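Student: Chains as they are written, first to last, in the numbering used here: chain L, 1 to 333; chain A, 1 to 342.
Just so you know, these hints were derived from the structure itself, not from any lab.
Here the structure is a predicted model, which is why all the values come from computation and not from measurement.
Wrong hints could be hidden among the right ones.
Said to hold, decoys possible - FRET-style restraints, in silico, Cβ to Cβ:
{"hint": "1", "chain 1": "L", "residue 1": "Phe21", "chain 2": "A", "residue 2": "Phe255", "range": "49 to 57 Å"}
{"hint": "2", "chain 1": "L", "residue 1": "Met2", "chain 2": "A", "residue 2": "Arg236", "range": "32 to 40 Å"}
{"hint": "3", "chain 1": "A", "residue 1": "Gly275", "chain 2": "L", "residue 2": "Pro61", "range": "28 to 36 Å"}
{"hint": "4", "chain 1": "A", "residue 1": "Ser166", "chain 2": "L", "residue 2": "Arg63", "range": "55 to 63 Å"}
{"hint": "5", "chain 1": "A", "residue 1": "Leu138", "chain 2": "L", "residue 2": "Gly15", "range": "26 to 34 Å"}
{"hint": "6", "chain 1": "L", "residue 1": "Phe21", "chain 2": "A", "residue 2": "Leu22", "range": "53 to 61 Å"}
{"hint": "7", "chain 1": "L", "residue 1": "Gly157", "chain 2": "A", "residue 2": "Gly275", "range": "20 to 28 Å"}
{"hint": "8", "chain 1": "A", "residue 1": "Ala198", "chain 2": "L", "residue 2": "Ala127", "range": "18 to 26 Å"}
{"hint": "9", "chain 1": "A", "residue 1": "Pro14", "chain 2": "L", "residue 2": "Phe21", "range": "50 to 58 Å"}
{"hint": "10", "chain 1": "L", "residue 1": "Gly122", "chain 2": "A", "residue 2": "Arg236", "range": "50 to 58 Å"}
{"hint": "11", "chain 1": "A", "residue 1": "Arg8", "chain 2": "L", "residue 2": "Arg124", "range": "14 to 22 Å"}
{"hint": "12", "chain 1": "L", "residue 1": "Tyr111", "chain 2": "A", "residue 2": "Asn324", "range": "46 to 54 Å"}
{"hint": "13", "chain 1": "L", "residue 1": "Ala216", "chain 2": "A", "residue 2": "Pro250", "range": "49 to 57 Å"}
{"hint": "14", "chain 1": "A", "residue 1": "Leu2", "chain 2": "L", "residue 2": "Arg124", "range": "34 to 42 Å"}
We put the beta carbon where it would ideally sit given N, CA and C, even for glycine.
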Amino acid sequence: MMSLLTIKNLSVAFGNPANPFRAVENMDLTVNQGEIVGIVGESGSGKSVTMMALMGLIDAPGRVTADELSFDGKNLLKMSARERRKIVGKDIAMIFQDPMTSLNPSYTVGYQIMEVLKVHQGLRGAALKQRALELMEMVEIPAAKSRLDAYPHQLSGGMSQRVVIAMAIACNPKLLIADEPTTALDVTIQAQIMELLVNLQKSQNMALIMITHDLAVVAEVADRVAVMYAGQVAELGRVPELFRQPAHPYTEALLSSIPEHSKGAERLSTLPGIVPGQYDRPSGCLLSPRCPYAQERCRAERPLLTPSANGSVRCHFPLIAQPVEIRDRKVAQ
Amino acid sequence: MLLFIFRRLSVLIPTFLGVTLLTFGLIRMIPGDPIEVMVGERTLDPVMHAEAMHRLGLDKPLPAQYADYLTNLLHGNFGESLITRDSVWHEFTTLFPATLELATAAMIFAVVVGLLAGVVAAIKRGSIFDHGVMGISLTGFSMPIFWWGLILIMFFSVKLGWTPVSGRLDLAYDITPRTGFMLIDSWLAERADPSANAGAFVDALKHLILPAIVLGTIPLAVIARMTRSSMLEVLREDYVRTARAKGLSPARVIFIHTLRNALIPVLTVIGLQVGTLMGGAVLTETIFSWPGIGKWLIDAISRRDYPVVQNGILIVATLIIVVNFIVDILYGIANPRIRHAK
Ligand SMILES: Nc1ncnc2c1ncn2[C@@H]1O[C@H](COP(=O)(O)OP(=O)(O)OP(=O)(O)O)[C@@H](O)[C@H]1O
Ligand code: SF4
Ligand SMILES: [Mg+2]
């Protein structure tokens, strides 16, 4: 099956071209139609930047390069900005962390929802309003009709996020990217919004990329998960196998800190230190300064993403050695 | 919203009282009274001087004079000029259109060019254009108006001969004032009698252009800087990212989602520039011999024409206050968070 989204060797660099800071480096990810992919990783690991690059929202002097960036059979890299905007907001939609600041304070909720429909689907007049109401009902906004003329400051955080979701699903996107959609919300609301997203994903048959710090959520809803570290994919694989049997030391550390993580902590107690930033990236494996299993080779040589038991892993000494088939083949030889 | 208007209104009365007290006091602090100034170098008979002062009511103690002044004001009486004997209000209404025309032209120039430059500088942040706009506006802001006016006159009027040096219209034209706006009056006159008034409109425009640029320079600099910084701030907002993630065109993102919000602080700054404009008008009108309120007030001060100075400044201050008040209300309308505040 051809995947809906293919990202191959994506890099995003900021700053001085002579000595760039690669916020994202050699990023590989595929997403199939109708699939939920979780992306996890500590703060600063490049989750948002990757998605912004996909949406074409990285501004100069930031630079995006990739071997492949294709969506629904179309090469996004070869498109003009104008062609790309026909896909962005329509077939690929994105929602962000803080709903209270994601809506323009000067325009009504109705205006902001209808704007998407006008621009991408050319709807006008009664049909436009009708569709906006329909969307607001789909995201379970009570008294939708009266809320059409409300301004964002008159809405609660949860209600604002529903509006943002309504805007995002307005044109029946094939892929919805949710970048920590519940982090800024009350705990009670978080579960509601997450449930809404998962329900919409099913009913609309969208693919969903769910960026979160909450591994419990990923374990519950995602089909696959990408664990990111310092701008790279550390490990990628199927849920729940990957969680049961992590191959990468970083995944293992993430998992062992789950209790704090589900409360939204952004740093790991099980792994001292922080994600290396612009000036302190080590030359070998990016995790080597923090990794309890690090050896000489780790500090000298960067590991590549290679197949593992439950997907792929970027580590010289994976915790479960090799994919089963490969090991079997070796035995047979 | 009503409460908002009411609160703003309640500050006005102390402001007015302050202005009356200031002008009343300041003009009397300048040495020399109206009679002495009128007589000039010639020696003045003390008896005649006292008589004249008595006639003008200027021999009373200051508090009594101030009380008289306030009583007159309460009756809506702005008094009359000590020199021309014409009523202050009449002189004001006669001269005001000239100032208004100059200020309007200056403001249109400042707002149009300032907004445009600010928006483009923000979008092309860090570019040569951006640095250019910021450099020029910093210079513009700190430029002494007098010097700037003279430089422009020397270059465009004297050297190139493109524009006249002073006044509102060439003396060859005789145009009856209808609106008081020379640009409109000359246009009407030219249309009514094309042969006698040929070229009057263009002549009026040529007279207006340099003073308007000189007067508009400081507001232009302020508006450009404010627009740029406000745009840059709004461009970083999450909702601008949302707008872009919706796949909207850059024009929509800039004009609908950024500029509208960025304009709110710019609007306030534009309102505040009305005060600067009146101050600048005094200088500009003096440089270009523009027959408006600024020149009128300067002349009145040098003649110690107390009623004209006191009431002229009071009227101008009132105007500025009213304009700022209107801007405050517009601000409320532009910003739904204020509009809906109880
Ligand atoms: N415009 C930019 N210019 C320079 N560096 C940037 C820019 N945007 C992001 N970065 C850097 O890129 C790195 C990755 O940032 P990113 O926002 O993708 O992290 P994240 O994984 O989404 O973290 P979080 O969980 O906090 O959202 C960070 O070090 C950040 O400082
Ligand atoms: S390569 Fe070495 S340092 Fe890097 S994660 Fe694997 S074991 Fe740890
Ligand atoms: Mg992020």
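Student: Compare the structure with each hint and give your call.
Tutor: Results for each hint:
At about 33 Å, the CB distance of phenylalanine 21 of chain L to phenylalanine 255 of chain A disagrees with the hint of 49 to 57 Å. Checked against the given bound of 32 to 40 Å, the beta carbons of methionine 2 of chain L and arginine 236 of chain A, roughly 38 Å apart, stay inside it. Checked against the hint of 28 to 36 Å, the C-beta distance between glycine 275 of chain A and proline 61 of chain L comes to roughly 41 Å, which is inconsistent with it. Look at serine 166 of chain A against arginine 63 of chain L: about 57 Å separates their beta carbons, and that is inside 55 to 63 Å.
Look at leucine 138 of chain A against glycine 15 of chain L: about 28 Å separates their beta carbons, and that is inside 26 to 34 Å. About 58 Å separates the C-beta atoms of phenylalanine 21 of chain L and leucine 22 of chain A, a value consistent with the hinted range of 53 to 61 Å. A beta carbon spacing of about 41 Å between glycine 157 of chain L and glycine 275 of chain A contradicts the range 20 to 28 Å that was offered as a hint. Judged by the Cβ atoms, the range 18 to 26 Å given for alanine 198 of chain A and alanine 127 of chain L is violated: they are separated by roughly 58 Å.
For the pair proline 14 of chain A and phenylalanine 21 of chain L, the beta carbons lie near 56 Å from each other, so the given range of 50 to 58 Å is met. Between glycine 122 of chain L and arginine 236 of chain A the CB atoms are about 31 Å apart, so this pair departs from the stated range of 50 to 58 Å. Taking 14 to 22 Å as the suggested C-beta distance range, the pair arginine 8 of chain A and arginine 124 of chain L does not conform, at roughly 41 Å. A beta carbon spacing of about 30 Å between tyrosine 111 of chain L and asparagine 324 of chain A contradicts the range 46 to 54 Å that was offered as a hint.
Separation of alanine 216 of chain L from proline 250 of chain A is about 40 Å and departs from the stated range, judged on CB atoms against 49 to 57 Å. In this structure, leucine 2 of chain A and arginine 124 of chain L meet the distance hint of 34 to 42 Å, their C-beta atoms being roughly 37 Å apart.
This entry does not satisfy hints 1, 3, 7, 8, 10, 11, 12, 13, going by the numbered hints stated previously.
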